[in-house]
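We have chain A already, so just place chain B on it with the hints.
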Amino acid sequence: MTNLYIARNPRAAARNLGGEMMIMSGRDSTLFTLNKTATILWQAADGTTPLNEIVENRICSEFNVALSEALQDAETLARELAGHEIMRISEQPIAGSGGVLR
Amino acid sequence: MPDLAAEVERLSLTIEIGKMPVRVHTTDPIFLKMLQDRYAGFLNSSDEAEMEFDIDLSPPAFADPNAPVCVSQKAGRWSLERGDFQAEWEPRSRRGWIRQDANPYSIDAVLRIVHTLMLAKQGGFLLHSASAIRNGKAFLFAGVSEAGKTTISRLAPSDVTLLTDEISYVRRQPLGYVAYGTPFTGELAKLGENVSAPIAAVYLLAKGRSNQIESIPASEAARSLLANLLFFAEDEDLVHEIFQSVLEFVSRVPVSRLTFVPDPRVWELIG
Chain A
1 MTNLYIARNP RAAARNLGGE MMIMSGRDST LFTLNKTATI LWQAADGTTP
51 LNEIVENRIC SEFNVALSEA LQDAETLARE LAGHEIMRIS EQPIAGSGGV
101 LR
Chain B
1 MPDLAAEVER LSLTIEIGKM PVRVHTTDPI FLKMLQDRYA GFLNSSDEAE
51 MEFDIDLSPP AFADPNAPVC VSQKAGRWSL ERGDFQAEWE PRSRRGWIRQ
101 DANPYSIDAV LRIVHTLMLA KQGGFLLHSA SAIRNGKAFL FAGVSEAGKT
151 TISRLAPSDV TLLTDEISYV RRQPLGYVAY GTPFTGELAK LGENVSAPIA
201 AVYLLAKGRS NQIESIPASE AARSLLANLL FFAEDEDLVH EIFQSVLEFV
251 SRVPVSRLTF VPDPRVWELI G
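If you read the sequences in order, they're chains A and B.
Just so you know, we're using the working numbering here: the first sequence kicks off at 1 and counts up by one.
Just so you know, we're using the working numbering here: the second sequence kicks off at 1 and counts up by one.
Because the hints were derived from the structure by calculation, they are not lab data.
Keep in mind that a hint or two might mislead.
Per label pair, the in silico range of CB-to-CB distance [to be verified]:
no. : chain 1 : residue 1 : chain 2 : residue 2 : range
1   : B       : L175      : A       : G19       : 23 to 31 Å
2   : B       : E234      : A       : G19       : 48 to 56 Å
3   : A       : Q43       : B       : P65       : 32 to 40 Å
Reference excerpt, derived from the structure (chain B facing chain A, CB under 7 Å, subset only) [as the list claims (entries may be wrong)]:
no. : residue
4   : A218
5   : S219
6   : A222
7   : F232
8   : E236
9   : L238
10  : H240
11  : L247
Far from chain A, by Cβ distances over 10 Å, these chain B residues were calculated [said to hold, decoys possible]:
no. : residue
12  : L32
13  : Q36
14  : N194
15  : P198
16  : P217
17  : V239
In this text, a Cβ means the ideal position worked out from N, Cα and C, and glycines have one as well.
Pulled out of the complex, with its shape left as it was, chain A reads as follows (with noise of 0.2 Å):
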C-alpha cells in the first residue's frame, strides 16, 4: 500500500474552539467544523508523518477500531479535507508545510 502524506494548507485559517477545531479556507472562506477524528488528523498532519502512522499511533488507540478500517476512512477525510484546499496530500512527503496552529 503506497504511503501517503498529509499537510495543512497554510493558506486555511484554523482555530481550536472550546475543544472543537474551527478551519476557513483560503479560497473561498468556506467555513468548517471538524469532527474529534478529522481534527487528530489536521493537528498531525505535518506534511512528513506518514498517514498509515498517524492512523495507527493516534486514531486507532483513541477509537479502538482496526487498522486497515481506520486507514481507509482517514484517506477517505483526508482527500475531502484536500478537495476544500483546508489540506494537501501527496505521495511523497511534502516540503514547507504546517501553518500556524492556535
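Same frame as chain A, but now just chain B:
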C-alpha cells in the same frame, strides 16, 4: 479683467466613530452642511485624523449604477467601488479620495468599509447587531434582517443607552472588548449615542413565544458571528485576520441565544 482661476475654498470636517477620526475635504458648502447634520454627535473639532479623504462630487463613471460593492487591494492601495461611488485609500499615507454624487449614502458606505478595514488590522470588527449600554456594560444583539434588532432597540427602557440599532462597532482593548456608538442606523433611523462600554455579552436574536436565554456551543457562536460580520474585502490575509479576531472574541465574550417576544419584559433578562 477678473481672475478666472479663482481659488476654491477647501472645507473640512472630522467624523470620529469608534475613536477613529476620519477627516473629509470638500469644496461644496451644501454637502458639508449635509455631512454636519448627518454625523451630528460624531464630529470632532480636531484637525488630527487617522485618515483623510478628498471628496470629488462628480458622478462615478460606471455603466451600472446598481453594481455591488467591490473592495480590493493592490500595491498597498485599497480600491472601493459600488454603483454609486468610487474611492481609493492608501493606509501608509493615510490619504484617499471619494468620487460620488452629493448624497449622504455613498460616503456612509465608504466609511463603513474603511472602518472594517482599519478594525480588521486591530482585532476589531463591525457586526450586524444592535447594541446598548446598561449599568455600564455593553450588550450586543446580533441577527440578520428581521431577526429583531430594531424591535429590541425600540423596546429598550429609559435606563438603556442605545449605541446602534443596526451595526455595532467592536474594538479590542488590552482588558477586553469595547462597543462604541455608531451613526450607522437601521429601521429605527436614530443615530446611536457616541459613547462606549466594555462588552459583557452578545445575544443571537430569535423571536419566540417566551423570553429566554440559552447557552450555545462556541463553534455555533463563532459561525453565527461570522455570518453577521460586515466585511467586504477580497483579501485572503485580511479574511484570516478577521476569522482569528472573531474566534478570539468568542473565546472571551459570552455569546448566547436570546429568544424573545416583542414586549418590554425581555429587558428584564438583560444587564
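Against the structure, the hints come out as follows:
Between L175(B) and G19(A), the C-beta spacing of about 26 Å keeps the proposed range 23 to 31 Å intact. At roughly 32 Å, the beta carbons of E234(B) and G19(A) sit outside the given window of 48 to 56 Å. Range check, Q43(A) to P65(B): about 50 Å between beta-carbon atoms, so the 32 to 40 Å window is missed. Look at A218(B): its Cβ gets to within about 3 Å of chain A, closer than 7 Å, so that hint holds up.
Here the hint on S219(B) is kept, as its CB sits about 4 Å from the closest CB of chain A, short of 7 Å. About 6 Å separates the beta-carbon of A222(B) from the nearest beta-carbon of chain A, less than 7 Å, and the hint is met. Hint on F232(B) is violated. Least Cβ distance to chain A is approximately 12 Å, over the 7 Å limit. With a least beta-carbon distance of about 5 Å to chain A, the hint placing E236(B) at the interface is held under the 7 Å criterion.
For L238(B), the suggested interface contact is broken, since its CB lies about 11 Å from the closest CB of chain A, more than 7 Å. Among the interface hints, the one on H240(B) holds; its C-beta lies about 4 Å from the nearest C-beta in chain A, closer than the 7 Å criterion. Below 7 Å, beta-carbon pairs count as interface contacts, and L247(B) has one with chain A at about 5 Å; its hint therefore holds. Separation of L32(B) from chain A is adequate, the least Cβ-Cβ distance of about 38 Å exceeding the 10 Å criterion.
Chain A leaves Q36(B) outside its interface by the beta-carbon criterion, the shortest separation being 38 Å against a cut-off of 10 Å. For N194(B), the requirement that its beta carbon stay farther than 10 Å from each beta carbon of chain A is met, with the minimum near 32 Å. The beta carbon of P198(B) is kept farther than 10 Å from every beta carbon of chain A, the shortest such distance being approximately 22 Å. With a closest Cβ-Cβ approach of about 6 Å to chain A, P217(B) is found to fall inside the 10 Å limit, against its non-interface label.
Not every C-beta of chain A lies more than 10 Å from that of V239(B), the closest at about 5 Å, which undercuts listing it as non-interface.
Hints 2, 3, 7, 9, 16, 17 from the earlier list are contradicted by this structure; the remaining hints agree with it.
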